[in-house]
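Sequence lines, in order, name chains A and B.
Sequence positions in the first sequence follow my numbering and run 5 to 872.
Sequence positions in the second sequence follow my numbering and run 1146 to 1523.
Just so you know, not all the hints are guaranteed correct.
As a list, the in silico DSS-like pairs of lysine-lysine whose alpha-carbon atoms are at most 30 Å apart [to be verified]:
1) B:1268 with B:1428
2) B:1481 with A:165
3) A:160 with A:117
4) B:1456 with A:839
5) B:1180 with A:613
6) B:1494 with A:132
7) A:782 with A:810
8) B:1269 with A:13
9) B:1269 with B:1188
10) B:1246 with B:1265
Just so you know, the hints here were simulated from the structure itself, not pulled from any lab data.
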Amino acid sequence: MDKERFTYKKVDSLVFGMLSPKLIKKMASAKIVTPELYDKEGYPVDGGLLDIRLGVIDPGLKCKTCGSKLKECTGHFGYIELARPIIHIKFVGLVLTLLRCTCRECAKVLIPKNKVDKFSGELDAAEKEGGLEGRRRKVKEIIASLKTINKCPHCKARQLKIALEKPYTFIEADKRISPIEIRTRMEKLSDEDCTVFGINPQVMRPEWAVLTVMPIPPVTIRPSITLESGERSEDDLTHKLGDIVRINQRLFENINAGAPEIIIEDLWDLLQYHVTTFFDNDIAQLPPARHRSGQPLKTISERIKSKEGRIRHNLAGKRTNFSARTVISPDPMIAIGEVGVPYVVAMKLTVPERITEWNMAYLKEFVKRGPKSYPGSNYIVRPDGKKKKITDETQEQLLEEIQPGYIIERHLMDGDVAVFNRQPSLHRMSMMAHRVRVLPDKTFRLNPAVCHPYNADFDGDEMNLHIPQTEEARAEAEILMMVETQLISPRYGLSIIGCVQDSITGLYILTKDLEMSREDAIDLLTQVGVTDYSKLPAKKTITGKDVFSALLPEDFSFNGHSKSCKSKEAECHDSAHVVIKNGKLLQGIMDSANIGQGAGLLLRTIHKKHGQRYTMEFLGRLFRLGVFTLMKVGFSAGIADTDLPEEAKKKIQDVLDKAEQDVDMLIKSYHSRELEVFPGKTLLETLELRILEVLNKGRNKIGSLVTEYAKEKTGTITMSRSGGRGTPINMAQMAACVGQQAMRGKRIDLGYADRTLSCFNRNDLMPSARGFIRYGFKTGLSPSEFFFAAMTGRDSLMDTALRTPKSGYLYRRLANAMQDLRVEYDHTVRDASGKIVQFQYGEDNIDISKSEGGTINVKRLIEQVMNE
Amino acid sequence: MDEELFKEYEDKLPPAILENIRKNAPEKITKAQLKKVLELTLKEYEEMAIEPGESVGVISAESIGEPGTQMTLNTFHFAGVAEMNVTTGLPRIIEILDGRKALSTPMMEIYLQKPYSTGKDIKKIALMVKETKVCDVASEFEINLADSTIEIKLDKQKLEEVGLTPSTLVKNIEKAMKVNLKLKDDDLVVVKTSSKESSLNEVYKLKEKIKDAYVQGIKGILQVLPVKRGDEFIIITAGTNLRKVLELEFVDPVRTVSNDVYEIGEVLGVEAARQAIINEILKVVDSQGLNIDKRHIMLVADMMCFSGDLKGITRYGIVQEKASVLARASFETPIKHIIDAALVGEVDKLNSVVENVMINQPLPIGTGLPSLIVDAKK
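Chain B with its partners taken away, still in its complex shape:
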């Protein structure tokens, strides 16, 4: 293949199309033929250019809104036999576009570094990631009324599963809770209450607190599931904590993803959040068997991110940002917008769409965009 020719067209054609030609051109293609292919492609590419004034925003909104009516509402679906529940369909799209901070099903896909990705110690690693609480490794909690102490009976088998010994467990609880612990026997932990006067009520409260005390793993990761994807092992989790997971040394930080767009924005920046929005929406669209061009989704993602931080498509997000009072008022809570505008004497320049619809003037979009400039001197 003639790389020089490709180089020549690098500035003129988008890389994806060049790549496509490279992939599809037969081996025996001559230089002249290749040149001709590139020339033809360039011609078509130029013919395909979008026209100035095109109302791309509305087209994208339509392209996402129209198939929305065909999506299923089913919140849960089983992706294969052994995987976890995921929010898909319309509720997921709404969740992403709202820019919500709390997802209904936060998830991560953790890719692993070399020796582990082949399945080495996969179970152990998975459990290291999972957040373990005291109640996960204990079989019984009891309050000893006589001494007003709390006795925790440990489940040895579970303890072993998560790779803990009773003594390390005690250490970890003490670190997390600042309580006085004593290891009695091999599977009994006794918690001494700090002051002698403490009433039963408080002891009970303390017991409940200890139940939820953090022992090990990564906070926020509620479930782990090692899965074979292709020929490597990955860990799928319920619950996310991207920052902490990326710090782990056995994790491949490049490919590991969370489905929490907001979290990605916090940890990796808006550009990553934008890409995450695109990926997540495309995932839903594909799983529903719908066909929406990527460009529409990109435009929505850009709209949500172009101000520098993640903004949802809600009255508090993007719509709030609009310069025009009437445009904001025509969406939701009109009275509030009009009153706030009155307080500062806001001026509506009437340069977007709705305001001009309201006062019956041509819209500055599409065929309404071109205007004449007259040189007044002549």
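Isolated chain A, as found in the complex:
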């Protein structure tokens, strides 16, 4: 078959270095002499910046150097001869050090010969600490300490003070040193002396920091665009190079014509400016070169640096084909490891399948159906790599043509593997492989149980889908990325996927005290997808616990505690203690502590015992059982849920009155300075702390009063008890009292002079004047209370907005610092260069995503042995 596709070359290493003037000339295929770009006919000028010896960017033209066409020719460098030497802006710092630290007469380092060796160790240490700059700084320090700065120890010549007038003018004792002079001094520097400064003379001679020739990058990296009007618009780099060549030519002419020194100096300076901005258009002391529109040019440095630069945008991050993006919506009826893909998407995304003798007939059907009917195919790929689109016209002919060895790109079908992702991709569970399920309508469908790892909801979130295209990619996706392999979070070793919301509430109701007829139970189980009813007891009425047990595996035993269990060890009341024996739920209520994500221990135990595949299926059934129970019994939460009996209302008011009185007392004792001051605090701070304490106590009391008196059978309470949604605090805030609004850990204390709002007296320290909201959401908020609530609301929005970039940067730094760490075959953790970071991963070699919360569950094992 096609042989080239399997010749495989590996880049072994990259060498960095500096282009010498000789090399620049040698690798150039053209000398550029004119700033003009096109001639009258619109063809590139010979010796111009778009010379076709530098590569081609127009279709139809052929490269003069290599003879290949557009897209085949990678481009070739050119060069220009600079009329006068120009300092390379990126080496100004180096040149300055070299000038300062070497003799102006004999060009030797200002360190006596016998001492150079002595200091080499120190220099290497400095380089290790602070890089090349550190080394240069150290050289300066040594010279300063030897006091040889004014007199050369070799030839005794007097040294003058050299200053740098930023960005690129060197001044020696009030007189400018011309780049020519600089270059001659650099040339005199010996190779040994170069090494003192950490330069390797084999790859970089210091005089190369002063340019005499300049390479012209190939046109292919600065293509021009043809606008709709037929006008050509050149790349920023071409503009800049045009400036350089133009000024350079003028400088040549002026020198040859013997123009006055001032004119030459001016042009020289201008050339220096253009060359400088060609390399970097963001130098502090220089005005950036601009377009006519005023927008700064993007020159070489700007192309490389920053997030949008070449390195981070195009090299470390890449774009893909075979991907799709749309809005997501929930569907509990598809399996957890599936993703619902709309037909429109499935007919655009394809999977390549190679024709063999055995599947020829099968694949021919796809070609016959073509791109317009599902499941069809969009392209065929011939063995030589030519891709052909299947259209109405080509279909017949292609059907004739195909034979083993061809590849058919067929539509996406049920069961294909797809990688599903939601940004921000903060952990590996943000990108998991799902099985495709092609469905009608226009959104991606996913099981609500996998929302948590993606951190997705359905308020308009969009997600991405990628289709792996090779067998290797598919294999890796299936083995490493499938949802079932990601059930346990590598962050803490517990389930990250579990029942959520409705499902938890449903199972709570089901296992609490629900009873139903046998018919209803079978109905429910069928909806869930269980068809084996033999586990149901042969009775007329069946309890919810029995229905739940029907899902459990026969040989499963489990001991657990539910959310309402206060003390873990002591035998708490029956419903809080979950006992499952041989696949039967004997007592206890299911809630988020057992079947939820995170601490959902029931799921974790099943995972340990029956493996990932089983857990996935089990979880799917469990989830649906919860949802359908809820549908069956009917469930709603209303404003009446927050109604409290008169007695409770009175008690709550009493608590609040008491708290306000206490605060009053505190304020009084503050004014009379009788308040006992906490050590290290001022009187006012003490008062604030004490008030907060009193109000918090009051709020907590109200919270427990509300839970005590609220009607047990309401939706809101059920949800909060089951752990599906909502907390008792939410309930208390609705029914009784919203409580203290705090900003920066304090009561609200900013606003007008000495008061929070103009409706209060100055220096009013009362709870109501400092953001305490006395009534609940149902009763309603007063205008000032509403304003306080809005203040804290805005504060938390600000907090989120500020936190996201901070934590994002921390994450980027961590990821960058640690991305190379891996476990070696000898169990050590090493970095890319083989340095050992840990002798054993985590000191015990345990993979967290295989552990139970980071360790082995010894208790379970002991129990298992003791029960045998």
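Guided by the hints, dock chain B onto chain A, whose structure is given.
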């Protein structure tokens, strides 16, 4: 409990797990049963081993980075009623991982030796630790224009609180400042300026200097607070000076800690710094109610310390250390790295992750790690 059995498994199982078994095994367990438990544990332990090639660094980075988005930014929070402000949450994590030398809230927890830890003289000891300056015990500073002297009025009550007499105070100031002092009355110190010509300006400067002059205590300890923790008294301080505090004889040097990781590294060595990083990060993680396995934090701490000294996770710290030019360039300041590489003709061996992403080659990590060795002779 059968110690012999445990001994047998000592090399095979990590000590923490053995300890766990010892703690949880019921009294009546038989030798055979215990053996079985240990055998089962060993089997599970072996199954739990991490696989070679696993990219543990990325997993740890994710595990710390992902919950970072959930942490609060609130710099200050009140840990209980009477304690001091502490930086927590994301800013604290950033501070630790940066390996910063100056913390925003340096703190120490000083544990005390036996008689003092029960509360004996606790206030006095606390004040001995605290750095006292002249302005802390003085009520007034005045410049006498006629004699060009400075008069310091002492606050007797405060002086007594810190356990000083006026005469010892004078001695201490003289030691610290090299000025001529005279004790007039019982609560008035007169400072004579050295030369007669000294202008008012200089006298004023001297006055300001004297205000900040060190009198007693430990430099850097700005606040002290005796607190009862459990059934013993400890001193919590704002500001740290680990070296000096550990020298005090009434201090329990084993348990006394500072929250300044860098300082711990200086005083007690990198191993201690590593442990301090782990403890400090875990403290924040726990206070935020997040769940991150200790191993991830250990790996980060090891990464910061394995070179021998403390390195922050910044462009000047760990990233600077990388062997590969492209890996460094892909982080920050790419131009600088490329130019420095050109000067020495650096060679990038392409053996870490990003470089291979850049040139579209398999990464030497995870499934890309195994390779074939072919014996060319055969």
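Against the structure, the hints:
Between residue 1268 of chain B and residue 1428 of chain B the alpha-carbon distance is near 28 Å, which keeps this suggested pair within the 30 Å criterion. Straight-line distance between C-alpha atoms of residue 1481 of chain B and residue 165 of chain A comes to about 27 Å, which keeps the hinted pair within the 30 Å bound. For the proposed pair residue 160 of chain A and residue 117 of chain A, the alpha carbon gap of about 13 Å is at most 30 Å, so the pair holds. Of the pairs offered as hints, the one joining residue 1456 of chain B and residue 839 of chain A holds, with about 15 Å between alpha carbons and a cut-off of 30 Å not exceeded.
Distance hint between residue 1180 of chain B and residue 613 of chain A is fulfilled; the C-alpha atoms sit about 21 Å from each other, no more than 30 Å. Using a Cα cut-off of 30 Å, the hinted pair residue 1494 of chain B and residue 132 of chain A holds, with the two alpha carbons roughly 19 Å apart. Between residue 782 of chain A and residue 810 of chain A, the direct Cα distance comes to roughly 38 Å. Violation of the 30 Å bound is thereby established for this hinted pair. Of the pairs offered as hints, the one joining residue 1269 of chain B and residue 13 of chain A is violated, with about 76 Å between alpha carbons and a cut-off of 30 Å exceeded.
Pair hint residue 1269 of chain B plus residue 1188 of chain B does not hold up; C-alpha atoms about 57 Å apart against a cutoff of 30 Å. Pair hint residue 1246 of chain B plus residue 1265 of chain B does not hold up; C-alpha atoms about 35 Å apart against a cutoff of 30 Å.
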